[in-house]
Amino acid sequence: MSANHDRANLLEVRGLTKIFGTLAACNHIDLNIAKGEIHALLGENGAGKSTLVKMLFGSLEPNSGEIFWNGQAVRITSPGLAKKLGIGMVFQHFSLFEALTAAENIALSLNDGSPISAIAAKARALSYSYGLPLDPESLVGDLSVGERQRIEIIRCLLQTPQLIILDEPTSVLTPQEADKLFETLERLRAEGKSILYISHRLEEVKRICDRATVLRHGKVVGHCNPRQETAASLARMMVGNEVKAVVRAPAKGIETAPALLEIHGLTRKPATPFAIPLKNINLSVRAGEVIGIAGVAGNGQGEFFESVSGEVLQQDPGSVRIRGKDAGGVSITGRRLMGAAFVPEERLGHGAAPRMKLSENLLLSRHATDGKSFVGSGGMVRNGSVYSAAQRIIAAMDVRKSAPDPEAAALSGGNLQKFIVGRELDRKPSVMVVNQPTWGVDAGAAAHIRQALIELARSGSAVLVISQDLDELFELSDAIAVMHNGELSAPLPIAEATFERIGLLMGGAEPGHAEHRMETA
Amino acid sequence: MMRLELVKRPQRSALFSVLSPFIAFALTMIAGAIMFALLGVSPLNAFNVYFVQPISEVWQLHELAIKAAPLILIAVGLSVCYKANIWNIGAEGQFILGGIFGSIIPVLFPEFEGPLVLPLMLLLGMVGGALYAAIPALLKTRFSTNEILTSLMLVYVAQLFLDWLVRGPWRDPQGHGFPQTIQFGDSAVLPELMPDAGRANWGFVFALVAAVTVWLMMSRMLKGFEVRVLGSSPRAGRFAGFGLSKMVFFTFLLSGALAGLAGISEVSGAIGQLQPVISPGYGFTAIIVAFLGRLNPLGIVAAGLVLALTYLGGEAVQSALGISDKVARVFQGMLLFFVLGCDTLIHYRIRLIGFAAPQLEAAPKLEEAR
Amino acid sequence: MDITVNILLTIATAATPLLIAAIGELVVERSGVLNLGVEGMMIMGAVGGFGAGYLTGSPWIGLLAAIVVGALFSLLFAVMTLSLATNQVATGLSLTLLGLGLSGMIGTSFVGQPGVRLPNLDIPGLSSIPVVGKLIFGQDPLFYVSIGLTAAVMWFLFRTRTGLTLRSIGDSHVSAHALGIKVIRYRYLAVIFGGACAGLAGGHLSLVYTPQWVENMSAGRGWIALALVVFASWRPWRVLAGAYIFGAVWIGQLHAQAFGIPVPSQFLSSLPYLATIVVLVLISRNKRLTMMNTPASLGQPFVPDR
Numbered sequence: 098m099s100a101n102h103d104r105a106n107l108l109e110v111r112g113l114t115k116i117f118g119t120l121a122a123c124n125h126i127d128l129n130i131a132k133g134e135i136h137a138l139l140g141e142n143g144a145g146k147s148t149l150v151k152m153l154f155g156s157l158e159p160n161s162g163e164i165f166w167n168g169q170a171v172r173i174t175s176p177g178l179a180k181k182l183g184i185g186m187v188f189q190h191f192s193l194f195e196a197l198t199a200a201e202n203i204a205l206s207l208n209d210g211s212p213i214s215a216i217a218a219k220a221r222a223l224s225y226s227y228g229l230p231l232d233p234e235s236l237v238g239d240l241s242v243g244e245r246q247r248i249e250i251i252r253c254l255l256q257t258p259q260l261i262i263l264d265e266p267t268s269v270l271t272p273q274e275a276d277k278l279f280e281t282l283e284r285l286r287a288e289g290k291s292i293l294y295i296s297h298r299l300e301e302v303k304r305i306c307d308r309a310t311v312l313r314h315g316k317v318v319g320h321c322n323p324r325q326e327t328a329a330s331l332a333r334m335m336v337g338n339e340v341k342a343v344v345r346a347p348a349k350g351i352e353t354a355p356a357l358l359e360i361h362g363l364t365r366k367p368a369t370p371f372a373i374p375l376k377n378i379n380l381s382v383r384a385g386e387v388i389g390i391a392g393v394a395g396n397g398q399g400e401f402f403e404s405v406s407g408e409v410l411q412q413d414p415g416s417v418r419i420r421g422k423d424a425g426g427v428s429i430t431g432r433r434l435m436g437a438a439f440v441p442e443e444r445l446g447h448g449a450a451p452r453m454k455l456s457e458n459l460l461l462s463r464h465a466t467d468g469k470s471f472v473g474s475g476g477m478v479r480n481g482s483v484y485s486a487a488q489r490i491i492a493a494m495d496v497r498k499s500a501p502d503p504e505a506a507a508l509s510g511g512n513l514q515k516f517i518v519g520r521e522l523d524r525k526p527s528v529m530v531v532n533q534p535t536w537g538v539d540a541g542a543a544a545h546i547r548q549a550l551i552e553l554a555r556s557g558s559a560v561l562v563i564s565q566d567l568d569e570l571f572e573l574s575d576a577i578a579v580m581h582n583g584e585l586s587a588p589l590p591i592a593e594a595t596f597e598r599i600g601l602l603m604g605g606a607e608p609g610h611a612e613h614r615m616e617t618a
Numbered sequence: 283m284m285r286l287e288l289v290k291r292p293q294r295s296a297l298f299s300v301l302s303p304f305i306a307f308a309l310t311m312i313a314g315a316i317m318f319a320l321l322g323v324s325p326l327n328a329f330n331v332y333f334v335q336p337i338s339e340v341w342q343l344h345e346l347a348i349k350a351a352p353l354i355l356i357a358v359g360l361s362v363c364y365k366a367n368i369w370n371i372g373a374e375g376q377f378i379l380g381g382i383f384g385s386i387i388p389v390l391f392p393e394f395e396g397p398l399v400l401p402l403m404l405l406l407g408m409v410g411g412a413l414y415a416a417i418p419a420l421l422k423t424r425f426s427t428n429e430i431l432t433s434l435m436l437v438y439v440a441q442l443f444l445d446w447l448v449r450g451p452w453r454d455p456q457g458h459g460f461p462q463t464i465q466f467g468d469s470a471v472l473p474e475l476m477p478d479a480g481r482a483n484w485g486f487v488f489a490l491v492a493a494v495t496v497w498l499m500m501s502r503m504l505k506g507f508e509v510r511v512l513g514s515s516p517r518a519g520r521f522a523g524f525g526l527s528k529m530v531f532f533t534f535l536l537s538g539a540l541a542g543l544a545g546i547s548e549v550s551g552a553i554g555q556l557q558p559v560i561s562p563g564y565g566f567t568a569i570i571v572a573f574l575g576r577l578n579p580l581g582i583v584a585a586g587l588v589l590a591l592t593y594l595g596g597e598a599v600q601s602a603l604g605i606s607d608k609v610a611r612v613f614q615g616m617l618l619f620f621v622l623g624c625d626t627l628i629h630y631r632i633r634l635i636g637f638a639a640p641q642l643e644a645a646p647k648l649e650e651a652r
Numbered sequence: 033m034d035i036t037v038n039i040l041l042t043i044a045t046a047a048t049p050l051l052i053a054a055i056g057e058l059v060v061e062r063s064g065v066l067n068l069g070v071e072g073m074m075i076m077g078a079v080g081g082f083g084a085g086y087l088t089g090s091p092w093i094g095l096l097a098a099i100v101v102g103a104l105f106s107l108l109f110a111v112m113t114l115s116l117a118t119n120q121v122a123t124g125l126s127l128t129l130l131g132l133g134l135s136g137m138i139g140t141s142f143v144g145q146p147g148v149r150l151p152n153l154d155i156p157g158l159s160s161i162p163v164v165g166k167l168i169f170g171q172d173p174l175f176y177v178s179i180g181l182t183a184a185v186m187w188f189l190f191r192t193r194t195g196l197t198l199r200s201i202g203d204s205h206v207s208a209h210a211l212g213i214k215v216i217r218y219r220y221l222a223v224i225f226g227g228a229c230a231g232l233a234g235g236h237l238s239l240v241y242t243p244q245w246v247e248n249m250s251a252g253r254g255w256i257a258l259a260l261v262v263f264a265s266w267r268p269w270r271v272l273a274g275a276y277i278f279g280a281v282w283i284g285q286l287h288a289q290a291f292g293i294p295v296p297s298q299f300l301s302s303l304p305y306l307a308t309i310v311v312l313v314l315i316s317r318n319k320r321l322t323m324m325n326t327p328a329s330l331g332q333p334f335v336p337d338r
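Chains as they are written, first to last, in our numbering: chain A, 98 to 618; chain B, 283 to 652; chain C, 33 to 338.
Be aware that a few hints might be false.
[As the list claims (entries may be wrong)] Once the Cα atoms are required to be at most 25 Å apart in a straight line, the calculated SDA-like pairs of lysine to any residue come out as: (1) A:LYS376 - A:ASP239; (2) A:LYS469 - B:LYS290; (3) B:LYS505 - B:VAL494; (4) C:LYS214 - A:SER175; (5) B:LYS290 - A:GLY510; (6) B:LYS528 - A:SER175; (7) C:LYS319 - B:ARG520; (8) A:LYS454 - B:LEU498.
Since the hints were made in silico from the structure, they are not lab data.
Please model the entire structure based on the sequences and the hints provided.
So, in structure tokens, the structure goes:
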């Protein structure tokens, strides 16, 4: 073990192992967390971080290994027991109930039988004392992701835990909200609480964490003091080898290139009680450029994607134009035939049918395009050519798989995403709209996908990327617009964009005057 | 206390896809043996009467085909619905309406004869079934009304409507007051396939043709792909550009038309007139047939024959052993239960966790020193 | 006056089984499980109740048997859908089909036999008060049970912590599992409660409503109870209102037939079913209301990973 033998360990993990089928998601993990420290758990997507914390919180049971709490061996068989010990958890994908109020949500994890009104009062007081104001009576479904995270944190704090586990807490926050969270965490540390901080964001780990444990492919590959490391050295530990940096060749002659995707005054009423309305969105993407759309989750990105793709049609045919033609009343199939391609955020169940083979999933978005090469006259599917096209994409995108034509659900997130992006790139679309291209994807696959998107743009296509990952947008985009509460700011050229400026827009600040780009558009 | 735990398989098991109906059938046999024993009948004797004797002669095989034809026709249509995750459970009503529509010509225009009569009747039967199925489809797409409840309610309405017809306006004036229509003329009766060997009629051929056609559609055509995508992941289906509303209409109209065809075939072939009751619950039994056939049209042909046998067996045990013919329904219900349970094995491995497993509610071992 | 009272009494008698079955199913659906086997559990309760009452001569034992049979029958559904994660729609359907068959087989020997009837409550003095006396103090015991059950379920769902937990499972079984709530255990109990209620409703049919055994005597009431839950958008007091509206339709068409209204009796008999469709359409037209109230995980199988 590395340092800190002088400080008493609150939690000690030895040889913890969890096996799913043939895959060792966690392989003999050792981990020590001292009292009063912020301990980072670093690792790529799929490195085993979530599996490890689920075992610590009792929602998964390990195959082998030991856990010591305050020096005593414990078996954490249920979340209830974890709570009793003093372990609290803030989930990455929140474990909240949308149809219930904040106070009811909190009451559900407290198990103390006191009336809801008393819990609400306690929650309100605690939330204000930590500077995370909260209205206990509000329905969770009506709240933003930032507010939902507050409920999770307050709910966790009300259990007066000694150890708080936060799973990727900043992935849903603006940079400014993240700063606020860091203040809270530092205050908790000062109160003597320990924090296990899970992230793949190196800068914030360097900023707030005292120690770090790095995971790769389910194994601990190192312990370190992140303050003494550089972001590059941490990344090397995490990924194992150098990830090829994404190269963004300068875009030439964009100003005079034709706009291939134009959105004029796009407006949409909310379709469900908790949906975000879109308000008068304007944007144009020219041949050769990548435009990024930043924004905190749940600010209308999903609704926007559905409208642009044609999964939902528009009243005004001119509100979406593809290659100079009105497409607002055209279905998604029609828009594909006009030269557009789409990659949705959710891979399983939206971009791909989980229980269908890759070749069948190829047909999903390409049954109407490509002339008659996949579906012949009379509606008969040409299985042979579908299969060989799927194999072509698998080879081009380096999709790793265990069978010649496996079901989509059998692939890892990164490999499936490579297939889905590759399926669209294979058509050489003139307009490409991608929502969260590398969400939950490992660094190697992410770099591959990003590079492919840039190259598509430079070969003369218009590429629109919606993402919640600012690092990604800064790597990819020629200009970044921000979506907040169903409204889209004008794009900022990448040269003028900074994290802070984009962050303010994500938080809903007024766009200001820097947006001269629209006038030239 | 024992506990079942399901462990998801990485891929669906090909072995259990094939085996599961057979395991289910075997389990049904075991349960059936217990049931017969409880009823005080030797299971072996009962099985002989139930499953063997009814198909030991050629004419009996014809009877089997007569019973199997409507089951297969209806179940083939329903399988498409269920694959699309659309729940038409009102096939019984669509069957009845098919019978009524198809009977318009022989009942109201008995003097109209000739080779055109039968095709027109069959067509009308399909139209009747499809139109009746269009009601829940319309309500589902227009108002998102639950199709399970509406299609089922329409069964009761259809039964009452038929009852009124044969007791009221369509009653045979020379029928001595019996609630039935006139006997159909010769050109309105579905011909028998091999009149010398038995009573089986063209309905069975329709069933086989429908099964093969739908099998081709589901396995080789884009339409079948559309059905499977929308059924398994509707969101991905919308992304593919397949419309759910269109699919609701397609599946309801298809299954309704096939149920209607089954209805008029039954009325015109097996009965020869309309009566207050024209179906011993074919529309509901077909649901079992569809699942027993694993929603595969070719599997459904086999399943239809098995379920037809349960009907014949039920009649046989009633006459030979004095057991209620309701025993057929019990067999059918058990079979469906076991089929559904066994299908779990395709996607999951089952682990039994007994007393020995310590993780069950284990008390915190806080006191235990390390 | 007496006619009005009698009509109101018969409406209550017709509404009671619908209410009991629907309240049970409401709890099941609030936990996120869709059990389409209500009709089957109800008919099993009816035959079990009649049989036990007929054999022992005690309607109370019959009632108890109805509850037990309904609960046991629902256990079958619970094992299939909760432990084996089978499709809830298909399993519920098969429960109904099996129930109709099994009850027919069991009941063969009961056909035409005289049954026993649960006596009405009769409080000397009180039940002879004009008009309200009979309505409030002179009905069958299950009338009071049904009203009490509705109130109890309301209180349970919206005033107790266990009720809150049950609703949370119906909203998101994934979140509930992450918090350490025993999703499957709660659902088992909910399904069994629903089965007991459906059985009791069936017992009402064969021990109060028409104290005899007639094959398929539930006549679609289980399905109407399912529709009532949707109609009520998963609120107990609206189930109560809905059950009485349907009771009124049911009795109304019977009286219309008796009065010899010149409409074929088959059309009148189909009124309750048509009314169900109309009501479902009216309620589902209001998409926002339906979406806000439908338990979000309704009908979805849940397999916890450990």
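A quick look at each hint next to the structure:
{"no.": "1", "hint": "A:LYS376 - A:ASP239", "result": "holds (18 Å)"}
{"no.": "2", "hint": "A:LYS469 - B:LYS290", "result": "violated (38 Å)"}
{"no.": "3", "hint": "B:LYS505 - B:VAL494", "result": "holds (15 Å)"}
{"no.": "4", "hint": "C:LYS214 - A:SER175", "result": "holds (10 Å)"}
{"no.": "5", "hint": "B:LYS290 - A:GLY510", "result": "holds (18 Å)"}
{"no.": "6", "hint": "B:LYS528 - A:SER175", "result": "violated (46 Å)"}
{"no.": "7", "hint": "C:LYS319 - B:ARG520", "result": "holds (20 Å)"}
{"no.": "8", "hint": "A:LYS454 - B:LEU498", "result": "holds (19 Å)"}
Violation of the numbered hints given earlier is confined to hints 2 and 6; the remaining hints are satisfied by the structure.
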